[in-house]
Amino acid sequence: MSPLELKDKVTVITGGGTGLGKAMALALAGEGSDIVVAARRAGPIEQAAREVRELGRRALAIPTDVTDSGQVNRLVEQTLSELGRIDILINNAGIVRGQQMKPLWEITDEEWHLGIDVNLSGAFFCCRAVGKHFTERQSGKVINVASGEGYRGVRGNFMYTCAKGGVLQLTRTLAITWAPHNVQVNCIVPGFIDTATLQPEEIKQAMEQLWGTRSTRIFIPVGRLGVPDDIASLALFLASEASDYVTGGFFIADGGGLAGGCATTGYAPVITMKEELE
Amino acid sequence: MSDRFRLTDKTALVAGDNRLWSKCVVAALAEAGADVAVAAGNSAQLTEAVNEARQHGRKAVAIPTDMTSSSQIVNMVEQAVAEFGKIDVLVNAADLQFARPFLEMTEDEWQTVINTNLNSVFYCCRAAGGHMLSQKKGRIINIISCLAERGLANSAAYCVSMGGVLQLTRALALEWAPEGVTVNAIGTGWFAEAEKTGLVDEEHLLRYLPLKRYGHPGEIGSLLVYLASDATDFVTGQFMYVDGGLMAHA
Chain E
0 MSPLELKDKV
10 TVITGGGTGL
20 GKAMALALAG
30 EGSDIVVAAR
40 RAGPIEQAAR
50 EVRELGRRAL
60 AIPTDVTDSG
70 QVNRLVEQTL
80 SELGRIDILI
90 NNAGIVRGQQ
100 MKPLWEITDE
110 EWHLGIDVNL
120 SGAFFCCRAV
130 GKHFTERQSG
140 KVINVASGEG
150 YRGVRGNFMY
160 TCAKGGVLQL
170 TRTLAITWAP
180 HNVQVNCIVP
190 GFIDTATLQP
200 EEIKQAMEQL
210 WGTRSTRIFI
220 PVGRLGVPDD
230 IASLALFLAS
240 EASDYVTGGF
250 FIADGGGLAG
260 GCATTGYAPV
270 ITMKEELE
Chain W
0 MSDRFRLTDK
10 TALVAGDNRL
20 WSKCVVAALA
30 EAGADVAVAA
40 GNSAQLTEAV
50 NEARQHGRKA
60 VAIPTDMTSS
70 SQIVNMVEQA
80 VAEFGKIDVL
90 VNAADLQFAR
100 PFLEMTEDEW
110 QTVINTNLNS
120 VFYCCRAAGG
130 HMLSQKKGRI
140 INIISCLAER
150 GLANSAAYCV
160 SMGGVLQLTR
170 ALALEWAPEG
180 VTVNAIGTGW
190 FAEAEKTGLV
200 DEEHLLRYLP
210 LKRYGHPGEI
220 GSLLVYLASD
230 ATDFVTGQFM
240 YVDGGLMAHA
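Those protein sequences? They're chains E and W, same order as listed.
Under numbering that gives the first Met the number 0, the residue at position 149 of the first sequence is numbered 148, and the numbers go up by one with no gaps.
Under numbering that gives the first Met the number 0, the residue at position 249 of the second sequence is numbered 248, and the numbers go up by one with no gaps.
You may find that some hints are simply not true.
What the hints assert, rightly or not - With the Cβ distance kept under 8 Å, some of the chain E side facing chain W (calculated, not the full set):
(1) 152
(2) 258
(3) 259
(4) 260
(5) 261
(6) 266
(7) 267
(8) 268
(9) 270
(10) 272
Everything labelled a hint here was simulated from the structure, so no lab data went into it.
Only a predicted model underlies this, so the values are computations on that prediction, with no experimental measurement involved.
Glycine residues also receive a C-beta, built at the ideal position from the N, C-alpha and C atoms.
Please work from the sequences and hints to get the whole structure.
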C-alpha cells in the first residue's frame with residue numbers, strides 16, 4: 000500500500016463545497032477516503048458530495064455553520080453514526096475577504112466576532128467535537144488551514160490576520176497536547192490561491208500587481224497565483240500515514256512569497272565588490 | 000536620558016567597517032556616557048568616528064584593523080583592553096553589501112562577503128568573549144540586516160552571511176547566558192544617508208515601506224544604547240528590528 004493511500008478512511012472537511020476545500024475533498028477521495036463535506040450552503044456541498052461519489056467513495060453533505068458549536072457537534076455525531084469513524088479533520092472554513100477595509104474604530108463588535116468566529120473559533124469547535132473520538136482511538140489527523148497573512152501584518156485587515164495567527168497557535172498547542180495520543184495536528188499556510196472566493200476583480204488586481212513590472216503589494220516569486228491543487232497535494236500528505244511523525248508543523252505553499260518580502264522588485268540591484276570596497 | 004540607560008564608566012568596542020553605521024553608533028554610545036574604541040579598516044572613517052566620541056567628552060581610540068584577519072582582531076581587543084582596562088560592550092557592525100546573480104558570483108566574492116560579515120563576528124566574539132566571561136558581565140550587539148531572516152534574489156552571499164550572524168547571536172546567547180554575557184542582534188531595514196539615496200527604484204520602495212521613508216543610521220543608536228545598558232540584563236538571544244515596519248509587512 001502506498002503511504003499516501005487513504006483507503007477506508009473518513010475525512011470531515013469544513014468549507015468543503017468550493018475552492019480549496021472542494022479541491023482537498025476530491026484529492027482525498029481520489030486516494031480512497033470517504034468524505035463528509037460541511038459548509039453553510041447546501042447547494043455546493045451536495046455538488047461536491049456527488050463528485051466524491053463519482054470517484055466511488057461514500058459522501059455526506061451536512062449543512063453546518065462552524066460558528067455555531069451546536070451545529071459542529073451535530074456534524075460530528077451524524078458522521079459517527081452514519082460512517083462509524085472519523086480519521087481526518089480538515090478545518091478549512093473561513094472568510095477569505097469577509098471584511099471591509101475601514102478604520103479600526105469603525106469595526107463593530109459583531110464584525111470583530113464574526114471574523115474571529117469563522118476563521119478561528121470554528122476550528123476550535125471542530126477540534127473539540129472530534130477530540131474525544133481521536134484520543135480514545137489513539138489515532139487521528141487534524142489539518143488546519145491558516146494563511147500567509149497569519150504570519151505578517153496586512154494593512155487594515157484585522158480579523159483575518161488575527162484569527163489566522165490564532166490558528167497557527169491552535170495548531171502548535173493542540174499538537175503537543177495530543178502528541179501522546181497519536182493525533183497529529185498540522186497547518187497548511189496557503190499564499191494567494193486562485194479560487195472562486197477571490198472575486199474576478201480581485202484576481203485582476205492581483206494579477207496586475209503581480210505581472211506589472213514592479214509590484215507594491217503582492218509579490219510571488221514563482222510568478223503566478225496558486226491553484227487549489229497546489230494545496231490539495233499538501234493536504235494529501237498531511238492526511239496520510241506518510242506524515243505520522245509530523246506534528247505541530249506549518250506547511251507553507253505560497254510560491255515563495257513569505258521567503259522574501261524585503262524589496263518591491265524582489266531582487267537586489269547588482270552591487271559589485273569593487274564599488275563596495277572602494 | 001533616564002539613568003537606567005546611562006553607559007557612564009562603560010567601555011565599548013565598535014568593530015566594523017561600515018560607511019553608514021560607524022559614526023552614528025559611536026556617537027550614540029559616547030552620548031550615553033561610554034568610552035569607545037573604534038576598529039575598522041578605513042582610516043578616514045575611523046578618525047571621523049573617534050572625533051564624534053570626543054565631541055561628547057568621552058575618551059576614544061582608533062584601532063585600524065582588517066576585519067577579515069583573526070590575528071589583527073586579537074590585537075584589536077588587546078589594544079582596547081590596554082587602553083581602557085576592560086570591554087563592557089562589543090558592537091559588531093561589519094556590513095559588506097554585495098549583490099550579483101548567483102551563478103555569476105565568484106568564489107572570491109563569496110569568501111569576501113562571508114569573511115567580512117560573518118567570520119569577523121566570530122573572531123571578535125572569540126577575542127572579546129574571554130574578557131567578558133571573566134568580568135561575569137558583558138554585552139554583545141550585532142548590527143545586521145533583516146535579510147538575516149528573508150531571502151532576496153541576487154543576494155545569496157549577503158543573506159547567508161547575515162543569517163549566520165543571527166544564528167551565532169542565538170547560539171552564543173544561550174551558551175553565555177549563565178555567565179552574565181548577553182548577545183542580541185539589531186535588524187536594519189532600508190537605510191540611507193541623506194546625501195546617498197536612490198539605492199533602488201526609490202519611488203516604489205518608499206511606497207512599499209510602511210513608514211514611507213528610509214531609515215537614518217542615527218535611528219539605530221537608541222536601540223543600541225538600550226541593549227548596551229544595564230536595563231537589559233534579562234534580554235538575550237533576541238533579534239530586534241529598526242526597519243520602518245518592513246518585517247511586519249506582508
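**Prompt:** Which of the listed hints are broken here?
**Reply:** none
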